Structure formats: C-alpha cells, structure tokens
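Per the UniProt record's numbering, residue 1 is the first one in the sequence shown, and the count goes up by one each step.
Heads up, a few of these hints could be off.
[Claimed, not checked] Straight-line Cα separation of at most 27 Å, BS3-like style, residue types lysine-lysine; simulated pairs: (1) K223 x K205; (2) K183 x K102; (3) K183 x K205.
By construction, these hints were calculated from the structure, which means they are not laboratory data. This structure is a prediction, so every number in the text was calculated from the model and none was measured.
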Amino acid sequence: MRRHDLAYLYPTADYQLLSPMRSPAAHAALQRWLQARQPLVVARQPAAAGAQILLGLTLPPGTEPRRISVSVNPDAICAIASPLTLAHCVNTCTAAVAEPLKRLLQQCESHDIVVSVYGSLAWEMLSGTTYRHSGSDIDLVCDIARTPQLAPCIEALQQAQQALPCSLDGEIRFAGGAAANWKELAQALSQPTQPTQQATRVIVKKNTDVALLSLTELLSHLKEHDHVC
1 MRRHDLAYLY PTADYQLLSP MRSPAAHAAL QRWLQARQPL VVARQPAAAG AQILLGLTLP
61 PGTEPRRISV SVNPDAICAI ASPLTLAHCV NTCTAAVAEP LKRLLQQCES HDIVVSVYGS
121 LAWEMLSGTT YRHSGSDIDL VCDIARTPQL APCIEALQQA QQALPCSLDG EIRFAGGAAA
181 NWKELAQALS QPTQPTQQAT RVIVKKNTDV ALLSLTELLS HLKEHDHVC
C-alpha cells in the first residue's frame with residue numbers, strides 16, 4: 001500500500017475522524033461517500049500511527065468541509081487499488097488539455113513508464129461530480145524503476161507543461177515509493193554548477209515520512225538496466 005493508492009472501506013466500517021474536521025457534517029459526508037462505495041486515498045503514514053491506516057477524502061467545491069482525514073483499522077479496508085491511470089481519465093479533459101496529455105502518455109508508455117492521476121481530476125472521475133475549472137492543475141504520478149526512464153520522463157513532462165493551458169504538477173516516483181516533485185527534480189538535475197550530484201538535495205516524500213535527500217541517494221533507487229545479473 002502506497003501513497004495515492006485507493007482504499008475501499010466496508011460501508012459499515014468503523015473509522016475515526018481526525019481534527020480539525022470532527023463535525024457532524026464531515027461524518028455525514030463520509031457516510032454518503034462510503035455508502036456509494038467510493039474509495040478514499042492512502043495518505044502518508046506516520047511511523048507513530050501503529051496499526052491505524054490514515055486515509056483522505058476531498059469533496060467537490062462548495063462542500064463543507066472539503067477535506068476529510070480519517071484513521072481506520074486495517075480490517076476496515078476491503079480492497080486496495082492503484083491510482084487511476086492517465087489513460088482512464090484523459091478523454092474527460094478539454095481538447096486543449098487532453099492533447100498534450102495524450103502525447104505525454106504516448107511518450108511515457110514507449111519507455112514503460114506508468115502515469116497515474118491524483119488530485120481534482122481523479123476525484124472528479126471517481127465521484128462523477130465537477131471538481132475542476134478551466135485553470136485547474138493536473139496532478140500526475142509517474143512511476144519509474146530504471147535509470148534510462150528518468151530523462152524521457154522529465155522531457156515528456158516538460159513538453160506537456162509547455163503545451164498545456166494549466167499547471168502540470170505531481171511527482172516522479174521511484175522504486176520503493178520515494179517520490180520527488182518533478183519540477184524540483186528537473187531543476188536539480190539541470191544545475192551545472194555542482195561538482196557532484198551529492199551536493200544537490202531535493203525534498204522526497206516516502207510512504208511514511210518526508211526527507212531531504214541528495215540526488216545521488218535518490219537516484220540509487222533506480223536500476224541501471226532491465227535485468228541485473
């Protein structure tokens with residue numbers, strides 16, 4: 001189970017609303033969501049959380065509260081699924097957004113890079129309710145496992161950002177779950193003044209914590225080739 005995964009709870013599952021949204025409105029909204037058999041998103045799991053699983057839900061604009069956080073026992077979860085893929089969501093976007101994303105998807109698929117969606121586009125797909133407006137960001141997770149995938153992934157993201165009428169946000173996620181903001185990572189990799197990558201650090205979000213890692217340490221998560229003898 002990783003950040004951004006989709007967790008489906010039993011409709012009658014016990015849960016604990018986390019502050020500051022411990023309100024009747026939050027409870028009612030969550031109950032409606034669960035009764036519709038919609039998933040919550042797996043959040044970063046603090047090391048001190050113990051056996052409890054932390055999950056999140058974002059409701060449509062105009063709804064109060066918008067963001068709900070809960071903790072549940074593992075046995076409250078009936079299924080875990082990967083995030084929605086970009087291929088599953090792209091055709092719901094306007095042509096101005098969809099065309100650059102389709103090119104990005106084609107470029108990434110040619111390098112076996114899995115591209116998933118989170119944020120407002122994902123919630124919109126899951127709920128069937130409007131979350132986005134014309135300037136809404138697109139949030140992606142690009143999963144890579146090998147060094148040769150990194151440069152094509154960043155290039156595809158940069159080209160898509162140049163063509164999109166909105167911001168393209170999100171993460172490049174490495175094997176093991178360590179993820180870095182793609183723009184920050186691209187900027188760090190392009191810095192010519194550092195004698196070694198050891199001196200350049202980026203913020204990395206893991207499944208259980210956030211760390212400031214050197215590029216050398218982050219890139220060590222990648223395999224150099226498809227197969228290791």
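Status of each hint after checking the structure:
1. The straight-line distance between the Cα atoms of K223 and K205 is roughly 20 Å, inside the 27 Å bound, and the hint therefore holds.
2. For the suggested pair K183 and K102, the alpha carbons sit about 20 Å apart, so the restraint of at most 27 Å is met.
3. Straight-line distance between C-alpha atoms of K183 and K205 comes to about 14 Å, which keeps the hinted pair within the 27 Å bound.
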